[in-house]
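Colleague: Chain A is already provided as a structure; the job is to place chain B with the ligands on it using the hints.
Protein chains: 2
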Amino acid sequence: MTNAARYLRAVCRPLNHARSKPAWPPLVARLSTAPTKNAVLVKTAKMHKVILGAVAFGTGAAILLGAESPSFISAESLTDSSPLIAAPITPPGLPVAADTSYPPTMTIYDKELPVVTVFGDDTSDLGKPRLVILGSGWGATSLLKDLEPNGYYTVVISPTNYFLFTPLLPEATTGTVEARSLLESIRYICRTPRAHFCEAEAYDVHLKEKVVEVVGEDGRHFLVPYDRLVVAVGAQNNTLGVPGVQEHTRFLKTIADARRLRVELMTNFELAALPTTSELERKRLLSFVIAGGGPTGVEYASELYDFLHEDLINYFPDILEKDVSVTIIQSADHILNTFSMAISAIAEEKLRKHKINVITNARVTEVDSAAITYRKKNVPKGEPNTFVLPFGICLWSTGIGMRDFTRRLVGKLQQQENTRALEVDSRLKLKGDPNIYAIGDCATIENPRMLEIVKERFQKAGMDRLTYQQFQSVIGSIVDQYPQTAVHLSKLRSLFDTYDIDKNNVLDLDEITKLLDDVDKKLTSLPATAQVARQQGAYLARKFNSLAFTPSDLRPVVEQTLPPFYYKHLGNFSYIGEKTAVIDLGEGRTGGGFGVFLLWRGAYLARQVSMRTRVLLAFDWIKSKLFGRDVSRF
Amino acid sequence: MTNAARYLRAVCRPLNHARSKPAWPPLVARLSTAPTKNAVLVKTAKMHKVILGAVAFGTGAAILLGAESPSFISAESLTDSSPLIAAPITPPGLPVAADTSYPPTMTIYDKELPVVTVFGDDTSDLGKPRLVILGSGWGATSLLKDLEPNGYYTVVISPTNYFLFTPLLPEATTGTVEARSLLESIRYICRTPRAHFCEAEAYDVHLKEKVVEVVGEDGRHFLVPYDRLVVAVGAQNNTLGVPGVQEHTRFLKTIADARRLRVELMTNFELAALPTTSELERKRLLSFVIAGGGPTGVEYASELYDFLHEDLINYFPDILEKDVSVTIIQSADHILNTFSMAISAIAEEKLRKHKINVITNARVTEVDSAAITYRKKNVPKGEPNTFVLPFGICLWSTGIGMRDFTRRLVGKLQQQENTRALEVDSRLKLKGDPNIYAIGDCATIENPRMLEIVKERFQKAGMDRLTYQQFQSVIGSIVDQYPQTAVHLSKLRSLFDTYDIDKNNVLDLDEITKLLDDVDKKLTSLPATAQVARQQGAYLARKFNSLAFTPSDLRPVVEQTLPPFYYKHLGNFSYIGEKTAVIDLGEGRTGGGFGVFLLWRGAYLARQVSMRTRVLLAFDWIKSKLFGRDVSRF
Ligand SMILES: Cc1cc2nc3c(=O)[nH]c(=O)nc-3n(C[C@H](O)[C@H](O)[C@H](O)COP(=O)(O)OP(=O)(O)OC[C@H]3O[C@@H](n4cnc5c(N)ncnc54)[C@H](O)[C@@H]3O)c2cc1C
Ligand SMILES: Cc1cc2nc3c(=O)[nH]c(=O)nc-3n(C[C@H](O)[C@H](O)[C@H](O)COP(=O)(O)OP(=O)(O)OC[C@H]3O[C@@H](n4cnc5c(N)ncnc54)[C@H](O)[C@@H]3O)c2cc1C
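Just so you know, the protein sequences line up as chains A and B, in that order.
So in UniProt numbering, spot 284 of the first sequence is number 284, and the numbers just go up one at a time.
So in UniProt numbering, spot 21 of the second sequence is number 21, and the numbers just go up one at a time.
Just chain A, with the same shape it has in the complex (with noise of 0.2 Å):
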């Protein structure tokens, strides 16, 4: 290990993966602190004290004595013949106090919107720094589950109450896992940090204001401030502008998705085995087709290869078997191209062992009901290079583009250039607001322009050529400011000599020119990945913590002396089928088979957020061993 890459790792290191105190409390634990039914009553009666008590002391005292057990209103106060009134915009309704140090609304645009400071009972974090959280996937949740209580009056919104466990959604389309055990309520992880939940949707932002606009789904529109904003919205699903496909593919990236493609699944083998069906339309109608050769896109075949041959061959008629086809549509020449080439290859051969029809360097151009169009590229002249292929079921699956929230943000910084996420400085703040964050697949980093900035560097101090010690301080000086670009330097002797062509032990101003525009091109944005978001909200988590008592004007110096975001790669999975799965370590190291599949469901059972999610996972994949798949149509 060379100096800048040993330096680089102390530093990085402690703020992205040291995690002293387990994150998370033990199942024991968990257990014991759920409240027993007399201490919900006690923590009920305290609450009541504090916020009815203070608002109107006759109301609640009156609880407070006349209460005897939790229990529902009676009939009568609700019993009513008048219309229902309707519900006031303002003053809001849920809240019993609020944050005096903000106005009850404010006008954005002409309209007048509530300005909601409180959310729920628990008063207690009031008056501290508002930090306002957006998503509940897995950049919001990673940094809820590090984030420690005290800090900050946080508020998390997002239009699902869940976090979900995106890597084995494919496995919930056949029921390998049930969708449930995919889902982790969203209100329990808020409760160790003590954030306050609230179903809504982020709108847009208000930068000067410095809040946000969110919108419920009744339709209501209203303000939340904040001191710290963190983005994590995610992404949406990229249609590539091909006319039909929103309309008659389906995509996989929710857990309804997930659900829609499971009873969707079963649907067409019973419509398949209905004896009026003729065998053109059964072929159709069990001809799966998915557009996009990515990872999502390979194991969700590979799932289909999984039921059809463990469970759906014992329940439906052998004849159907002949009738089923599964084909992937990838525009690139090979598979899995986010990973290396022996993977792609590994991968490949086992998709062609299960006849699933794979067919590369070719662009879908149109989808209908029941078909989907495709164009093969480098067809020889005279040969047909266009190809109809009817389908049952379509899963489109190439790629995230931006969602209309966070296009908003961007349209507002001029700072913001790239079009496909929002853009932020090594230390994940947006470019333009100090007081937003990104993070996820709605975040890239900006790389450094490496050229640029060395070459400003020389200007400034008149130099033109850099010994060997010079260039390890420079480069030491650029890993730390962008850790991004420490796989690319970090063999520091080895860079040197390479481009020190005319080994007179010094650079200079062609030679490095000539480096730095390598590595220029090798920097490439991080992938849209569950491990890029997990760790990034664990850094904001560590930075947050770290910041809660530093006083705001002393807040930007503070936070400059942190080490910048660094990613580490831990491996990317793919299952492909049969048990067997593989992984791509990265520089190079790759593997694959049953060994890599116990590995896979090792390593998600190990990342699953919650004691019961893994719980449930753990009995799924027993229970469909034991008993096979339901094919219930459900």
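Careful: at least some of the hints might be erroneous.
Claimed, not checked - Think about it this way: if two alpha-carbon atoms lie no more than 27 Å apart in a straight line, the pair counts; the simulated DSS-like pairs of lysine-lysine are: (1) K623(B) <-> K625(A); (2) K355(B) <-> K579(B); (3) K623(B) <-> K145(A); (4) K503(B) <-> K521(B); (5) K625(B) <-> K145(A); (6) K625(A) <-> K145(B); (7) K253(A) <-> K625(A); (8) K579(A) <-> K350(A).
Unchecked claim - Distance windows between CB atoms, simulated: (9) S369(A) <-> R191(B): 33 to 41 Å; (10) L605(B) <-> R260(A): 25 to 33 Å; (11) R589(A) <-> R191(B): 43 to 51 Å; (12) S369(A) <-> R260(B): 21 to 29 Å; (13) S369(A) <-> G571(B): 49 to 57 Å.
Said to hold, decoys possible - Some chain B residues near chain A, calculated using beta-carbon distances under 7 Å: (14) G120; (15) Y162; (16) F222; (17) I255; (18) L274; (19) T276; (20) Y315; (21) D318; (22) I319.
Just so you know, these hints were derived from the structure itself, not from any lab.
Just so you know, these numbers come straight off a predicted model, no measurement behind them.
Beta carbons: idealized from backbone N, C-alpha and C, even for Gly.
Modeller: Same frame as chain A, but now just chain B with the ligands:
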């Protein structure tokens, strides 16, 4: 025990209750008979040999020789630039063999419909009597579980491809158990008796042609011939003609209903927790109104209570709790009125303790999207008697009505006079057609008019009085024929003494008339419960097993020698919240408490149709005990 009763039990028991061999192979057997990969191949090969060999030797041989492993078909054979050809209705698609004793099509009401004789590719039972079973609920499943293979070519037709364990549906609305744990694939259940499943709806029966008209989800009609037909299609929800019920209330009959209620419950809690929701709206969103005070209504209310106090209270602002209300509206003057009064009283007290509002003597007159209108009976003049109750969710559970299919069948038979269900004799044969049986919720056993029967016999014999011995023999033969009368005629001596008013040790015509009149009045139809449906299914299975190899011309005679159906009441349960259940064992024997709760769960575990659902249920209960119910909105 009197002689008659003893006789009765001796005759009926073996048929209904003595299940000498376990109806279901134990887990180990199930696992070891689950085909391994190779077994599948062997089976596949064998099937191909039998069927395809007969139809197209060439293709069959090619598959046998060429198929190295089960495989999907290639994309090329699917890829086609011509539009999909519309599927021909005749001949049907799937069967590769056909029973040539039937014509390929029949003309019914001017429509030519295909006749489907073969389902799937297992043709080993072709040529045997055709047993067609409509439905996959309690009745049908119980029949299938006890039916032996080899006797019939059995076809099961139902729009749901699973059996649903209805008694625990209320638990699935809150997540105490998961929806899927209540389902068992009917294709799995069909394997033991070697029955063929077809996911479609029975539309009509053409009695003369002995065919069922069936419609698949694709809307295509076809005909399925039968020798014996079992109608077990259950019943549908009864709206009592109240306007708005169909549109605005929820039912709890299917698994989709339970899932929908669960999702809507969480939706309403999340909406109520939004800061923009006014107090009045919150109260409405959290007002759960249940029309109907039967076990389903009471269990749903109790599940809501448990969920709120065991789980929701930990995740939602305490302030919400004040706004939750649960109301049961019951038209009779007490709830659970199919149970004994003692049970009603226990249940009402428990509900009162839980602050569940029970409104009795009230009739719902109208439902709109957010409120239910009801009228109280017996209200003193001048006081208001009509009330409007806003609701967030309204569950409608006021009894059952006839399905369209059942109504069509009733319309075809003069002998059918009942407007609520298909009338069957005490051997469960449909009145008016000797080839059709009906069981479960869609059927009702005709009650004898005992007075008429006995009077007729008296006239024939020229008698006008009965000694005790004569009385014994007359009653014995009645009980023999109509087992449902046994419960009212078992204590012969005391009956005789009671009605022998002049104490002359004979019953004269007047005294007998009085006695039989009283018994006639006491004879009610069996309740629409799973217990009845299950016993009826088991009864038919034993009968069909006995008759399997009886020539068809002897069948009516032999059948008449087999004993009629006898219902043995094993007790009704209802869960009433806080780990308490009540049981009504009939004849005044009742119980309630935590012990009954354990008994209840134990009984339901024992009643599972497969080891799979048994394990799943047990796991669900442990899970919700350990981790609480999930509050994810999914
Ligand atoms: C099928 C599938 C399989 C995958 N497999 C893997 C894998 O094996 N390994 C791996 O590393 N990665 C995998 N990924 C990628 C991984 O899921 C994503 O990279 C990761 O979820 C990104 O995390 P995130 O927090 O940025 O976004 P998400 O996890 O997508 O979370 C976004 C959150 O924001 C919420 N939200 C959306 N709109 C708004 C709004 N307007 N306001 C507030 N909240 C909003 C959403 O409800 C959600 O809670 C997979 C993805 C899919 C779909
Ligand atoms: C919420 C709830 C709780 C209950 N709790 C209890 C309890 O605790 N104890 C108890 O004993 N009973 C209970 N019951 C009653 C019990 O479920 C019914 O009595 C029982 O299901 C009747 O059995 P069945 O076979 O007649 O009908 P079902 O079980 O309803 O089955 C009918 C079948 O027919 C199918 N079908 C419908 N239409 C057609 C058609 N046109 N053609 C072919 N098939 C068709 C359906 O898909 C279904 O598979 C409960 C019912 C409900 C809804």
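Colleague: So, for every hint listed, does it hold in this structure?
Modeller: Checked hints:
The hinted pair formed by K623(B) and K625(A) meets the criterion: a straight-line CA distance of about 20 Å does not exceed 27 Å. Taken as a hint, the K355(B) and K579(B) pair is honoured in the structure, with Cα atoms around 16 Å apart against an allowance of 27 Å. Annotation: proposed proximity of K623(B) to K145(A) holds, straight-line Cα distance about 22 Å (limit 27 Å). A threshold of 27 Å between alpha carbons decides the hint, and for K503(B) with K521(B) the separation of about 24 Å falls inside it, so the pair holds.
Note on K625(B) and K145(A): the hinted pairing holds, with a Cα-Cα distance of about 24 Å set against a maximum of 27 Å. The suggested pairing of K625(A) with K145(B) holds, with an alpha-carbon distance near 24 Å, which does not exceed 27 Å. This hinted pair checks out: K253(A) and K625(A) have alpha carbons roughly 26 Å apart, not beyond 27 Å. About 11 Å separates the Cα atoms of K579(A) and K350(A), which keeps this hinted pair within 27 Å; it holds.
For S369(A) and R191(B), the hinted distance range of 33 to 41 Å is satisfied, since their beta carbons lie about 35 Å from each other. Take L605(B) and R260(A): their Cβ atoms lie about 32 Å apart, and the range 25 to 33 Å holds. Range check, R589(A) to R191(B): Cβ separation about 47 Å, and the 43 to 51 Å hint holds. With their beta carbons about 27 Å apart, S369(A) and R260(B) fall inside the hinted range of 21 to 29 Å.
Distance hint check: the CB atoms of S369(A) and G571(B) are about 53 Å apart, consistent with the given range 49 to 57 Å. At about 4 Å, the closest approach between the beta carbon of G120(B) and any beta carbon in chain A falls short of 7 Å, and the interface hint on this residue holds. Nearest Cβ of chain A to the Cβ of Y162(B): about 4 Å, under the 7 Å cut. The hint holds. Restraint check, F222(B) versus chain A: the minimum CB separation of about 5 Å is within 7 Å; hint holds.
Below 7 Å, beta-carbon pairs count as interface contacts, and I255(B) has one with chain A at about 6 Å; its hint therefore holds. Taken as an interface hint, L274(B) checks out: its beta carbon lies about 4 Å from the nearest beta carbon of chain A, inside 7 Å. Taking 7 Å as the C-beta cut-off, the interface hint given for T276(B) holds, the closest approach to chain A being about 4 Å. Taking 7 Å as the C-beta cut-off, the interface hint given for Y315(B) holds, the closest approach to chain A being about 4 Å.
Hint status for D318(B) relative to chain A: holds, with the closest Cβ pair at about 5 Å, below 7 Å. A cut of 7 Å between beta carbons decides the hint on I319(B): the least distance to chain A is about 5 Å, and the hint holds.
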